[in-house]
Amino acid sequence: MFEFIRTHQKLMQILLAIVIVPSFVLVGVSGYESFGDDATTVAKVNGQSVTQQEYDQALRRQLDQYRQRLGTQFDQKLFDTPEFRQSVLDNLIAQRAIVAEASRSHLGAVDAAVQRAVAESLQDIPGMFKADGKLDEEKAANLIASQTGLTPEGYFQSLKRDLTIQQLAAGVQGSAFAPRAVAQMVSNLTEQERDVQELVLPLTEFVAGAKVTDAMVKSFYDKNDKLFQVPEQARIEYVVFDANAIASTISVTDEEVAAVYNAAPARFTAPEERRASHILVAVDKAAKADVKAAAKAKAEAILADVRKAPGEFAKIAKAKSEDPGSAEQGGDLGVIEKGSLVPTVEASIFKLKQGEISDIVESEFGYHVITVTSLKPAAVRPLDAVKGDIAADLKKQKAAKKYSEAAETFTNTVYEQADSLKPVADKLGLKIETAASVTRTPNPVAGQAPYNNARFLTALFSEDSLKNKRNTEAVEAAPSTLIAGRIIEFKPASKRPLAEVEAQIRQQVMAQEALAAAKKAGEAKLEAVKASGDTAGFGAVQTISRAKIDGISPLAARAVLKADVSKLPAYVGVELPGMGYGIYRIGKVHQPAQADAARRSADAEQIDNIVAQQDMANYVEVLKERAKVKVMQPAGAKPAEAAQ
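Counting from 54, one number per residue, gives the positions in the sequence shown under the numbering used here.
Where hints are given, some of them may not hold.
[Stated by the list, open to error] In silico EDC-like pairs for lysine to aspartate or glutamate, Cα to Cα no more than 20 angstroms straight-line: (1) LYS522 to GLU542; (2) LYS548 to GLU285; (3) LYS371 to GLU353; (4) LYS683 to GLU154; (5) LYS361 to GLU285.
By construction, these hints were calculated from the structure, which means they are not laboratory data.
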């Protein structure tokens, strides 16, 4: 599986979230049918089942994507909605429909393209290559398993599927465009400039008059539960058992190494190595007999020259050989491997002794004069030269066998003596580790920590582990890596007490009350200036556009740029949280003296992209109809369930 990575000498960066179909294909599926005979089938696309397990995995990946994107702002409850769960199912259905169409159209990403994409996407992961530049396959496989739950082959196939989808999508989206008149109209709106003056009623002028009662504080506390939630978390201990724990206990004797060496001498024999040169007189194999005869005569003349002065072979080849690939190198063909040359030439090379000159050799390319410039006979490498490699192989074999035996001991012990991890730690010489603030789902901050594994966390937060504080089962977190743990202390999700957050709430409610007072006064002021046209109190004129909003609040800028300017001056009032209330007078609307060509080009491209996405969405709907989509049951699994 990893051979292709070696050719690039670099590692791909794992997509913490597997690429699925872009969001524009998340379209609804109607017409639910009754539950099918197979309770694990969620939907059928082109006669193929979308299983509950596939849906759960897709749901988990989607949640992981949002969790990584939002960080500490991620709130899983916001995604615990029928709409979000349905969008995940719709995504899977759309994906299947596109893949089915790609298959019908004989489209597919070739392995070489997938290999390039894999190499490019994982090139920046540190520590994935050994000192000799070779990929550490075990580390790579562990990383893929821990981050995606896939085997290396599974990851390769998923990427191949995604590239195939992109290939089909590119054909649809690549032909989309919008009329230039539309792009020009959008650019005109983007570049349009408005001269505006600002008058702000500061929030500080209304704070003193804001009255906040205990009842108002309590009401805010009761209505904003999510602001004061503390997520569930646990303090845990765990043990990790992997091949490294076994390797340090393995030893190999000199006698064992010698036995392996003597039992298979061919394994340690370096093959014969031949380096050859040739001089070619080229002639087409379909040439007439007289042309071939002339070419052969020329080759025989060259052969005579070479035999007179064998030491001048390279000089003669450079002057007379008609092989453009080797003539400049004096006819050098390099080290010859069997099967790499045309049969007649190769057979001649392997018959010659070092320095010997061949007779004329005919091939499909013409006539050759050949010599062997270097010959290293096959030789058995001495024991001392291969001792280290043999010992390493023996250790690996012994470790694999011992790991299998010890893994069974690990699994049985954590299960049979489930009230403590000490027995298994003592028995196998493992260290009991601890971790605090562990949550039900992987935490990006914890990175590659052994316990930060979705399968392990599912076992850790199971009902038996939570209620009875028992050991988890042995979980395979990665190839040849088992982990078991137990919860020492569990804190369920809770709400911070009112007394703890009262001061914070009081300050926030006061700001709200002051803003409401500022708004009331501001709206009255706005009506007054509209009626009088008075500009007293307004600031200096500022020119803003959708491309340049420096000088005023973004909230105010949006309101000013959306305002009706059919009659000038125009006025808008805007609430400015944390600042007060702003009144804005628009005195003039105009276009810039010179259009921004680069921006207009970008606008046109963006509009084309929007049209392309809509075309793709419509195309996916057609594919879904063609694929005869049948939804067997609603997307009922909740995010919390999928994460377990």
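Structure-based check of each hint:
1. LYS522 to GLU542: holds, 9 angstroms
2. LYS548 to GLU285: holds, 10 angstroms
3. LYS371 to GLU353: Within the cut-off at roughly 17 angstroms; holds.
4. LYS683 to GLU154: The hint holds at about 17 angstroms.
5. LYS361 to GLU285: Given that 20 angstroms is the threshold and the Cα spacing comes to 91 angstroms, the pair is violated.
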